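Asks: Work out the full structure: start from the sequences and follow the hints.
So the chains spell out like this:
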Amino acid sequence: MIPIVVLAVLGVGFAVFSIIAGSLAGPKRFNKAKLESYECGIEPSPQAFRGHRFPVKYYLTAMLFIVFDIEIIFLYPWAVAFNKLGMFGLVEMILFILAVFVVYAYVWRRGGLEWD
Amino acid sequence: MSDFHSPSIAYTALAPMLCIGAAAIVGVLIDAFVPRALRWSAQIAAALLGLVGALIAVAVLAGTHTVTADTALSIDGPTLFLQGTIAVLGIGSVLLVADRSPALDGGAFAAQAASTPGSADERAGIQAGRIQTEVFPLLMFAVLGMMIFPASNDLLVLFVSLEVLSLPLYLLCGLARRRRLLSQEAAVKYFLLGAFSSAFFLYGLALLYGYAGTVSLSGIQAATLTGQHNDTLLFLGLGLLSVGMLFKIGAAPFHNWVPDVYHGAPTPITAFMASATKVAAFGALLRVFYVSFAGLGWEWRPAAWGVAILTMVVGSLFAVTQTDVKRMLAYSSVAHAGFILVGVIALNRSGLSGSLFYLLTYSLTTVGAFGVLTLVRDPDGEATHLSRWAGLGRRSPVIGSVFALFLLALAGIPLTSGFTGKFAVFSAGVSGGATPLVIVGVITSAIAAFFYIRVIVMMFFAEPVADGPIVATPGGATAASIAMAVAVTIVLGVFPQPILDMANHAAPFYH
Amino acid sequence: MTSTTHYVAATGVFHLTFLLVLLPTVGAAVLLLGGRRTNPWGHLLGCAMPILSFVIGVIEFVALIGRDGGQSRQLDQHLWSWVPAGSFHANVNLLLDPLSLVFVLLITGVGSLIHVYSVGYMEHDPDRRRFFGELNLFVAAMLLLVLADNYLVLYVGWEGVGLASYLLIGFWSHKPSAAVAAKKAFLVNRVGDVGLSLAIMLMFTTFGTFAFDGIFNGAASGHAHSGTMTAIGLLLLLGACGKSAQAPLQSWLLDAMEGPTPVSALIHAATMVTAGVYLVARSAAIYDVAPHARVAVEVVGAVTLVMGAIIGCAYDDIKKVLAASTMSQIGYMMLAVGIGPGAYAIGILHLLTHGFFKANMFLSAGSVMHGNNDEVNMRRYGGLRKVMPVTFACFSFGYLAIIGMIPFSGFFSKDKIIEAALDKGGFEGGFLGTIAIVGAGLTAFYMTRLMAMTFFGVKRWPKDVHPHDAPRVMLIPMAILAFGSLVAGYLLILGGSLQHFLTPAVGGSVEVGAHTISPVVLSLITLAVVAGGVTSAWYLVARKPIPAEPPTYVTPATKAARASLYGDAFNEGVFMRPGAYLTRALVFFDNRGVDGLVNGLAALVGGTSARFRRLQTGFVRSYALSMLAGALALTATLVLVRVG
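Residue numbers (our numbering), protein chains in the order written: chain A, 1 to 116; chain B, 1001 to 1511; chain C, 2001 to 2644.
Hints in this document: simulated from the structure, not taken from any laboratory. Among the hints, erroneous ones may be present.
Label pairs and their calculated CB-CB ranges [unchecked claim]:
1) B/Ala1062 to A/Val103: 30 to 38 Å
2) B/Val1457 to A/Val67: 51 to 59 Å
3) C/Trp2041 to B/Pro1498: 33 to 41 Å
4) B/Phe1033 to C/Pro2126: 36 to 44 Å
With a Cα cut of at most 20 Å, we get these calculated DMTMM-like pairs of lysine to aspartate or glutamate [stated by the list, open to error]:
5) C/Lys2183 to C/Glu2159
6) C/Lys2463 to C/Glu2375
7) C/Lys2175 to B/Glu1463
8) C/Lys2459 to C/Glu2549
9) A/Lys57 to B/Glu1463
10) C/Lys2386 to C/Glu2375
11) A/Lys84 to B/Glu1463
12) C/Lys2175 to C/Glu2375
13) C/Lys2459 to C/Asp2317
14) C/Lys2183 to B/Glu1463
15) C/Lys2544 to C/Asp2316
16) C/Lys2463 to C/Glu2549
Far from chain B, some chain A residues (derived; all Cβ distances over 12 Å) [stated by the list, open to error]:
17) Ile19
18) Phe30
19) Lys32
20) Lys34
21) Phe65
22) Ile72
23) Gly89
In this text the structure is predicted, and so the values were computed from the model without any measurement. Ideal Cβ placement from N, Cα and C applies to all residues, glycine included.
Replies: Structure below.
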């Protein structure tokens, strides 16, 4: 019980301390690059995109990427341990890839891969 | 890694889930390859085939007791009872979803979910008679999650199935054809709060793993019996895990989303959520508490009593002032969650079988009640405001009587299924030593009966409103779904014995 | 009744018992759910179902007679268990014993005749199919009521006949008066039903079962507290008062005459209103050990007997006179079953003969109305005997039976009741006997008045009305019932046949006490009083011309009788007003969230709910906050319970 409490107090304390200390001690000189989103997304703009909502194309591609990314994450350890997993591992992995492939086919047929 | 052995998987025992999964994937392929004109009917066929197949598989499997997939899934009496129930509810909901008869103005779902509400795109889509056919695969994926949920014999599978059932539901909530902003708001709310509760669940899972060193329910049970571990981790973990499941069943104080989401979602989806989700989540809750934590009954009972009492009181009290029939039914579903919790807390065999029976009766009646809601319509969609229902029973006696029957069943009037269910759960509560809880249950049932009967009085004794809503003649699908609910409500009220026996034989859990 | 009650399992032909109930249920289901496509043949199906039930009833009667006497004549058919949970058992069983069989034959026999009659009576009604559907529903519910082997199933039938009665009184719901009458019957019956349901609950807590045999054996064993038994008896009586229109719950029956006449004949004369008598007779074992409750039954019967007769003297509406007379005659039956051991069978005897002659008179009255453009005011009749001879003949049989003329059926049954009352001896016997005799005189008076105003004297109907006898499909049932009015009484007492037959169900018919007055002398006295009634009515009514409008300057007694002896005022004062004040007082506490329908306690709930409703803001952030708080509270409780 006590270690958890200590850990919690330390965690909360560190977060609060960092925020306060940062805002007090740090110099405040802003420029365009500093105000942009950090490493992701499209340019923020004051109005919605040409009077419409944001285009979702970028997100769609990002999501597709994540799907295949996760597939690789599964495939890599499987490939490493292939010999030990044997036939069972092969069948299960084929089923998994098939399921992902069905989704891929869906995205392709419904125009998810066309940029315009 | 050196001691890896392939888990044995009893594919026949998983047949119900495989049927549903296959139907869902076929649904995705239909959307990809079948021409637009045929898509809607092909989707209906695939979904119904999958559900009927699953139901048949459940029937064939009856009596199976097995733990498979390396203790991840337990196929036993309660699992099969609940999977059968979910399959039947799935059929009822798919029928409600499928109805696109002209009287219902082209169905309940958006022409294209991505088009901006009120835009020219939307109008064009509606004029072309389009509809979002992805409803069916999404629904089937949700059913898949619900089928795995009560079968899960370890916490990780429990979490995965929770997500599998939740994610499609978030989407489905946002697909209403009319009042789309309300529907999208409901979807976002449900998603945010659902994610929040999943986080609790996951944290609880992690703490329990820290406690027991395993995620399997039997392993946790074994750890609680030795009593040589850190209790604080156990109870923190149990509490946070419960939050995730209590959220899904809509128990207070985790019920806030229920009225808003039920109200905003397309009514067939509301019917599905209020019935099938509740059945699945209660199945999981029952398994977790009856398998892993039964030995700790004295420790968790006080908290569970608090939740049950709060749920019953909040559900029935808030329902009284609702002026919208859909919201009223939402609160009533909260109250019913409280009543079923009485069966969970009983922590004995009759509590389990009573809860199973209650889930079956309540959920089918609910599907029927929401089915009727889809039929009472104004020019701009369903007329759910209570004042619009005045005199409805006089103008269309059949629909009025059917709805009155459902309300009486929800109120637990004898000779309807609701009475039998309530009786089973409450008598289990008394035998499980929860008499004060049962007393609260009976009092809140009386309060609840008041608002159900108020609707009946409105329908049959108030003067009909001028320019009142039209009662649409149901298409075959909706009619079939409602007729099924009526039949079950009456038969299980008058002649409940076979199903009661079935629920009795289903208990206890096998792990 | 000291012997234990034991029901043997049904065998052979008695397996058909469930069909008795099922057939009319199917009829009702087909007719009510089948919609317009059943219109062409609906009435035929509607008639076929009770007739088939009657045939089964006769077969079972023959089979039952063939069995040895005593307990082998009480057969129980187990259908299914309703809710078996632990020690709580509720079975759906049917009991065929002499008492229920007698009712089965009455319900299906008279019921079939009235169905056939209705084919003609309702011929021009666009909703004739619905009428037959609801009539079948009634027959099914009534059969369930009398065939139940436990109080729970009896209650289902009890509510079922209430529902059918409500639907049929309000059959012409486009008439506001019919709708109001239906609602009134429903509400007044509710008061009685509360009594019955409380009685059932009390019996369950006392004896731990709903089944007749269990309860009766428990009552006979004498273990239960006598106060409890009295309470059960009084609560059952309250239920019986509601259904059988006995004081103080009598007021609905007069208004119930808004229903079609066949309904009045079947439900509000021959069968449903006698359910209260059935209930008391069936519960004989309970009343045997609750003498105080039995006195209450006697008093209720005696009071209603006189009240009904007085009200009957004042009305000009032919159906309402008959309704008042029904109240009065059921008062006789109540009196008989209240006298207790030995007299239950006499009450049932009068119930049966009354079933014949009152149904006959109602159908004849229907025929009169049919021939007079649905006029019910007797001041617009007069001299009808010449233009409607068959109706007149049928009605006369009923008339002679009800006033108790030898050898018509009423003579045998009513005489027995008067005799049994007097034989009780002492003040109680003398008082009740006198009232019964006075009642007989009053009956003779108002029935003669009815006959005189309707069939004798000069014609008073308007020029455009051409009275005529009804079509044959209506006359034949009337004739059969008229024949029954003549012979039923004699046949049923022949060698004490009915009493012996009923012995297993209600106990033997032992003579109570010594004869205070020899039966022959008593019969002569009664006949003399009846003759007095007839003569005075003839002298007062028939000899003078009857004005078209009722005279306004009348004695207070007549005024009171015209106002149904202030039955409605009583209800308003005793039931409605206090209820209304209570509601208003409660609503006063919290007016918020209260619409016109919210009352009493609900107002409180509504107010609380309205206040708490503000918690439902619609903001995700506040929902998330409350979830967080809930999660903290939950885990804190769990941890604290462990620590503490």
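Asks: Could you run down the list of hints and mark each one as holding or not?
Replies: The hints, checked one at a time:
Checked against the hint of 30 to 38 Å, the C-beta distance between B/Ala1062 and A/Val103 comes to roughly 34 Å, which is consistent with it. Distance hint check for B/Val1457 and A/Val67: the Cβ-Cβ separation is about 54 Å, which falls inside the suggested range of 51 to 59 Å. As the Cβ distance of C/Trp2041 to B/Pro1498 is approximately 35 Å, the hint placing it in 33 to 41 Å holds. Here the CB-CB span from B/Phe1033 to C/Pro2126 is close to 56 Å, at odds with the stated 36 to 44 Å.
The straight-line distance between the Cα atoms of C/Lys2183 and C/Glu2159 is roughly 15 Å, inside the 20 Å bound, and the hint therefore holds. Among the hinted pairs, C/Lys2463 with C/Glu2375 is consistent with the structure: their alpha-carbon atoms are about 13 Å apart, no more than 20 Å. For a cut-off of 20 Å, the pair hint linking C/Lys2175 to B/Glu1463 stands: about 16 Å separates their Cα positions. Distance check on the hinted pair: C/Lys2459 and C/Glu2549 sit about 15 Å apart at the alpha-carbon level, within 20 Å; holds.
About 54 Å separates the Cα atoms of A/Lys57 and B/Glu1463, which puts this hinted pair outside 20 Å; it is violated. The suggested pairing of C/Lys2386 with C/Glu2375 holds, with an alpha-carbon distance near 18 Å, which does not exceed 20 Å. A threshold of 20 Å between alpha carbons decides the hint, and for A/Lys84 with B/Glu1463 the separation of about 76 Å lies outside it, so the pair is violated. Between C/Lys2175 and C/Glu2375 the CA atoms are separated by roughly 15 Å; this keeps the pair inside 20 Å, and the hint holds.
Of the supplied pair hints, the one linking C/Lys2459 and C/Asp2317 holds, its CA atoms being roughly 17 Å apart against a limit of 20 Å. At roughly 16 Å between alpha-carbon atoms, C/Lys2183 and B/Glu1463 fall within 20 Å of each other, so this suggested pair holds. For the hint pairing C/Lys2544 with C/Asp2316, the CA-to-CA distance comes to about 16 Å; that is within 20 Å, so the pair holds. As the CA atoms of C/Lys2463 and C/Glu2549 are separated by approximately 17 Å, the hinted pair is consistent with the 20 Å bound.
Chain B leaves A/Ile19 outside its interface by the beta-carbon criterion, the shortest separation being 22 Å against a cut-off of 12 Å. The Cβ of A/Phe30 sits about 31 Å from the closest Cβ of chain B, beyond the 12 Å cut-off, so the non-interface label holds. No beta-carbon of chain B comes within 12 Å of the beta-carbon of A/Lys32; the shortest separation is about 31 Å. A cut-off of 12 Å between C-beta atoms confirms that A/Lys34 is not in contact with chain B; the least separation is 30 Å.
Every C-beta of chain B lies more than 12 Å from that of A/Phe65, the closest at about 19 Å, which supports listing it as non-interface. Every CB of chain B is more than 12 Å from the CB of A/Ile72 (nearest about 20 Å), matching its label as outside the interface. Look at A/Gly89: its CB is around 8 Å from the nearest CB on chain B, not clear of 12 Å, so calling it non-interface is violated.
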